[in-house]
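J.: The chain contents come next:
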Amino acid sequence: MKHKLLIFFLVGFLIYLIDIGLNSYDEKEIYISDQEIISLVTAWKSQVGRNPNDDEITRIINNLVEEEILYREALLLGLEKEDRIIKRRLAQKISFLKQESIPKAPTYNDLSNYYNNNKDKYFIDPKYTFTHYFFSSDNDSNKRSKEAFSNIYLNFEIESDPFFLGKNFVDITKRDIESDFGNNFSNHFDSIELDKWLGPFRSAFGHHIIYVTSYQEGFYPDINKVLKKVEVDFMLYQKDIALEKYLNEIKSEYKIYINPDLQI
Amino acid sequence: MKYFRNLIIIIVSIYVITLGFVFVDVGDTRPLVSLFKKLQSDSALKVVDFSVDKETSSKSKPAPNLNRNPYYGDLHVHTKYSFDAYVFGVTASPDDAYRYAKGEGIKHPLGYEMKLREPLDFYSVTDHGFYMGMIQAYADTTTDISQNDFAEPFHNLNRLENLTVESAGQRSNIFSSVLAGTVTQPYPDWHPKIIKAYLTRNTQNALKSFDYDIHKSAWADIARSANEHNDPGHFTAFIGYEFTTSTNIEGGNLHRNVIFESSKASIRPWTRIDSINPEDLWTWQDKLRDKGIDTISMPHNSNGSNGQMFEMETFYGNAITNDYAEKRMRNEPIVEITQVKGTSETHPLLSPDDEWADFEIMDVRVGSRPPTYSKPSGSYVREAYLNGLTMEFTRQGNPYKFGLIGSSDTHTGGGAFEESNYWSKVGLLDGDPENRGSVPLAEENIERLDEYMRAFNQPISTVNLDQGEYANTGFTQWGASGLAAVWAEENTRESIFNAFRRKETFATTGSRIAVRFFAGYDLSSINLNSDSVISEAYEKGVTMGSDLLQDNDKIPEFIVWAQKDKNGAPLQRVQIIKGWIDVNSGRPKEKVFDVVCSDGLEPDPITNRCPDNGAKVNINDCSITKNVGSSELKTTWKDPEFVNVDKSFYYVRVLENPTCRWSTWDAIKAGYKPREDLHETIQERAWSSPIWYIPDESDVDVIPLGGTVSLRDLN
Numbered sequence: 021m022k023h024k025l026l027i028f029f030l031v032g033f034l035i036y037l038i039d040i041g042l043n044s045y046d047e048k049e050i051y052i053s054d055q056e057i058i059s060l061v062t063a064w065k066s067q068v069g070r071n072p073n074d075d076e077i078t079r080i081i082n083n084l085v086e087e088e089i090l091y092r093e094a095l096l097l098g099l100e101k102e103d104r105i106i107k108r109r110l111a112q113k114i115s116f117l118k119q120e121s122i123p124k125a126p127t128y129n130d131l132s133n134y135y136n137n138n139k140d141k142y143f144i145d146p147k148y149t150f151t152h153y154f155f156s157s158d159n160d161s162n163k164r165s166k167e168a169f170s171n172i173y174l175n176f177e178i179e180s181d182p183f184f185l186g187k188n189f190v191d192i193t194k195r196d197i198e199s200d201f202g203n204n205f206s207n208h209f210d211s212i213e214l215d216k217w218l219g220p221f222r223s224a225f226g227h228h229i230i231y232v233t234s235y236q237e238g239f240y241p242d243i244n245k246v247l248k249k250v251e252v253d254f255m256l257y258q259k260d261i262a263l264e265k266y267l268n269e270i271k272s273e274y275k276i277y278i279n280p281d282l283q284i
Numbered sequence: 028m029k030y031f032r033n034l035i036i037i038i039v040s041i042y043v044i045t046l047g048f049v050f051v052d053v054g055d056t057r058p059l060v061s062l063f064k065k066l067q068s069d070s071a072l073k074v075v076d077f078s079v080d081k082e083t084s085s086k087s088k089p090a091p092n093l094n095r096n097p098y099y100g101d102l103h104v105h106t107k108y109s110f111d112a113y114v115f116g117v118t119a120s121p122d123d124a125y126r127y128a129k130g131e132g133i134k135h136p137l138g139y140e141m142k143l144r145e146p147l148d149f150y151s152v153t154d155h156g157f158y159m160g161m162i163q164a165y166a167d168t169t170t171d172i173s174q175n176d177f178a179e180p181f182h183n184l185n186r187l188e189n190l191t192v193e194s195a196g197q198r199s200n201i202f203s204s205v206l207a208g209t210v211t212q213p214y215p216d217w218h219p220k221i222i223k224a225y226l227t228r229n230t231q232n233a234l235k236s237f238d239y240d241i242h243k244s245a246w247a248d249i250a251r252s253a254n255e256h257n258d259p260g261h262f263t264a265f266i267g268y269e270f271t272t273s274t275n276i277e278g279g280n281l282h283r284n285v286i287f288e289s290s291k292a293s294i295r296p297w298t299r300i301d302s303i304n305p306e307d308l309w310t311w312q313d314k315l316r317d318k319g320i321d322t323i324s325m326p327h328n329s330n331g332s333n334g335q336m337f338e339m340e341t342f343y344g345n346a347i348t349n350d351y352a353e354k355r356m357r358n359e360p361i362v363e364i365t366q367v368k369g370t371s372e373t374h375p376l377l378s379p380d381d382e383w384a385d386f387e388i389m390d391v392r393v394g395s396r397p398p399t400y401s402k403p404s405g406s407y408v409r410e411a412y413l414n415g416l417t418m419e420f421t422r423q424g425n426p427y428k429f430g431l432i433g434s435s436d437t438h439t440g441g442g443a444f445e446e447s448n449y450w451s452k453v454g455l456l457d458g459d460p461e462n463r464g465s466v467p468l469a470e471e472n473i474e475r476l477d478e479y480m481r482a483f484n485q486p487i488s489t490v491n492l493d494q495g496e497y498a499n500t501g502f503t504q505w506g507a508s509g510l511a512a513v514w515a516e517e518n519t520r521e522s523i524f525n526a527f528r529r530k531e532t533f534a535t536t537g538s539r540i541a542v543r544f545f546a547g548y549d550l551s552s553i554n555l556n557s558d559s560v561i562s563e564a565y566e567k568g569v570t571m572g573s574d575l576l577q578d579n580d581k582i583p584e585f586i587v588w589a590q591k592d593k594n595g596a597p598l599q600r601v602q603i604i605k606g607w608i609d610v611n612s613g614r615p616k617e618k619v620f621d622v623v624c625s626d627g628l629e630p631d632p633i634t635n636r637c638p639d640n641g642a643k644v645n646i647n648d649c650s651i652t653k654n655v656g657s658s659e660l661k662t663t664w665k666d667p668e669f670v671n672v673d674k675s676f677y678y679v680r681v682l683e684n685p686t687c688r689w690s691t692w693d694a695i696k697a698g699y700k701p702r703e704d705l706h707e708t709i710q711e712r713a714w715s716s717p718i719w720y721i722p723d724e725s726d727v728d729v730i731p732l733g734g735t736v737s738l739r740d741l742n
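Protein chains in written order, with my numbering: chain A, 21 to 284; chain B, 28 to 742.
A hint or two may mislead.
Reference excerpt, derived from the structure (chain A facing chain B, CB under 8 Å, subset only) [said to hold, decoys possible]:
| no. | residue |
| --- | --- |
| 1 | Trp64 |
| 2 | Gly69 |
| 3 | Arg70 |
| 4 | Ile89 |
| 5 | Asp160 |
| 6 | Asn162 |
| 7 | Gly202 |
Derived DMTMM-like pairs (lysine to aspartate or glutamate); straight-line CA-CA distance at most 20 Å [what the hints assert, rightly or not]:
| no. | chain 1 | residue 1 | chain 2 | residue 2 |
| --- | --- | --- | --- | --- |
| 8 | B | Lys129 | B | Glu566 |
| 9 | A | Lys187 | B | Glu566 |
| 10 | B | Lys86 | A | Glu251 |
Please keep in mind that the hints were generated in silico from the structure rather than gathered at the bench. C-beta atoms are modelled at their ideal positions from N, C-alpha and C, and glycine is treated no differently.
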């Protein structure tokens, strides 16, 4: 009876030894796939602008081998644990992985759907043509502009100041208006009436009474005119949603604990 | 044996005869050498069209404005392709840099976001031409070139895990010592590469540490990126690079940025390896121009040139001549007066009567380790204008008749233009307040800094002040500056490049101040309150960058009109700075006139100074006095001391009310008081290009004591 137990343990120990031997033998083997080498060579080529020569290819491969060896030795020592850079890198990797699992090149249909759902990105801004009276904030602009406005349809001469960037603005966008006048000035153009004196509106430099003579509606360009840009945007978008979808799925499986009393 | 002796005699004779031929001199030329030269082709003169295929913009181009619009830009930007930027941890590409200019956020090497408050109108990525793209190749351990000993310190330098503040010491060391040693190793004389380098006039190819393919592909990527981002009517991108040269022994900074007018450029940048003499750069530019490729070069950091940027002699110490002056002005019509590494308008020692001369002074030679003083005379713009007049006076021509721009010289792809949002320029080295010396060092960082500074060959690593130990990195003399501005009809390469050529440009310290400047003999007839001021001024006068010719005994009149930055502080005053040669004494003179003051105040006619407008800065929170200062200032001005035979120049300086300097913002944000040995506040400013007054005839022939005798005359 005692012997049987001993034999049992001995056999068990033997199996254990064989297992260690086999496994450690496995750990000392390094397989490098063609794919891996080809991808490194491609990256190298795009960086340097020519194909690597034989010496350089040897070095690329040697580097890879040495890196793999050092990596395995580091794993044996448990160096990967609690290393923020490694965590970040792994997080990045899975992000890329999830982002890159895009099936195929987009069809025209995909692009046109994307374009229709994100039309605003391609919107050609409206353009305004206007003239204005300017009252400098260095010279009581609030009062003077109000007085001028109340008299504007009478035949009085309006005593305004010249504006640094000129009197008449032709076909300019709201972004240009913002850059020339500052202070959210372009908001006044949201609901503009044509051929009518409006104001006074405050800018970064004083007050203005404006008269818009023409307004060119913004428009959505024909998709074929912006197809290249749509394609680039579509691919980026695909990456973003792939990751977002994955995160949303997986988040629910985690419980997260944060010390509510932490003082920072 | 005899046969053997004869052979030796023959070999020696052939050698001696060949040498004799090579050095034989017929009529000041060496025929054999010029024969060899006929075999050479000039690789730097090969022109490539780098234009790219892209959809034509669906946005329509705005109509040109005949009265011209102000456009703001940065013509001095480095990315990862610069040898030093890469060492500083920068991985931003030219594409990233252009995206930044158009208003997108990009990442600083330390991980935070850099973003402009308002997009820029034009931009040029100007990486160092010298060793362009090479450092990246050293860092990539799979390239041939990285296997050399000299490349070892660069291995994997900018892998994500190596981008840390702690790596600053190693990086500084690489910057200050390793780089210098790396580049000076040519192949031995017999090596085929030496012959190839000679035949293609491409000295770089003779260096072991150089790979021409890598170099060309970096340059092609920079050019492609500029062409791709150029968007006529909306955003202008220029192909450009920096010609990073200096004098050999003193290390006087002679750096220039070169920009190309069109989508075409040379196949490689002309660099300091071709020649360290800027005159050779201009020769190359002239030759390119003959091939239809126009370029301009723009000197910068004259403040760190040890007096050598604006000397009164040539690179080799010869007298300036008319030919030199014309050649220089043909190739470098504008100069960068302000940037991160200080402002080069003038120095307190050069302009003792100018109360605003002590402004963002950087008093060391660029990149000198240990820090070495840069002599003010010859290093500043205003004195150069005066010396230019003196040389014109003595009939040597004026090589210093240039216009002004500012730019950033950022090495992170994106410039820091706001005092309150500042990241300096060299990536990991100065990306945080402790390292740039604006807040005291944490205990644990003092030792690290000590190592860092030792590596940087700087003997004293810290300074002990009231609030603790501060880093003595020298970055306290740097600042949030500057911008290039032009008056142009439209935002296109052609229109903006023409403005550079006309010198219708101005410089700012990062603020979007705008300034108009005109001179003429009948400008007082223009009503400043009329809407047609500008069109009338263009008609009746000349604008910044131009000459005003003498008109009998008429006195010139000037119109100046400045507008504040819509997001910045109000204006305090506008000054006209006059420099002239007193024809009676032959002496250069200068004077600063306040010509219009804020808040309706009047300049004192005796002192030519505005009274204090009372604007203050609260140093505890950087708030400024409200409702003081002006949103615009304009006036017509007549020089009260005008003498019609004196050669003169006039340029405008616009000053904002004081605001907090970046170092004060850094300190306040970190809960400290501002460092006591730095300026707490700053007056952001703009400078116009000058207008030169040209009298009819007032030049002299200099006759040396004893006269001039030449041997040829005697023969």
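J.: Does each hint hold? Answer for all of them.
T.: Hint check results:
no.	hint	result
1	Trp64	6 Å, holds
2	Gly69	3 Å, holds
3	Arg70	5 Å, holds
4	Ile89	15 Å, violated
5	Asp160	11 Å, violated
6	Asn162	13 Å, violated
7	Gly202	3 Å, holds
8	B:Lys129 <-> B:Glu566	35 Å, violated
9	A:Lys187 <-> B:Glu566	18 Å, holds
10	B:Lys86 <-> A:Glu251	19 Å, holds
In terms of the numbered hints stated before, the structure departs from hints 4, 5, 6, 8, listed from lowest to highest.
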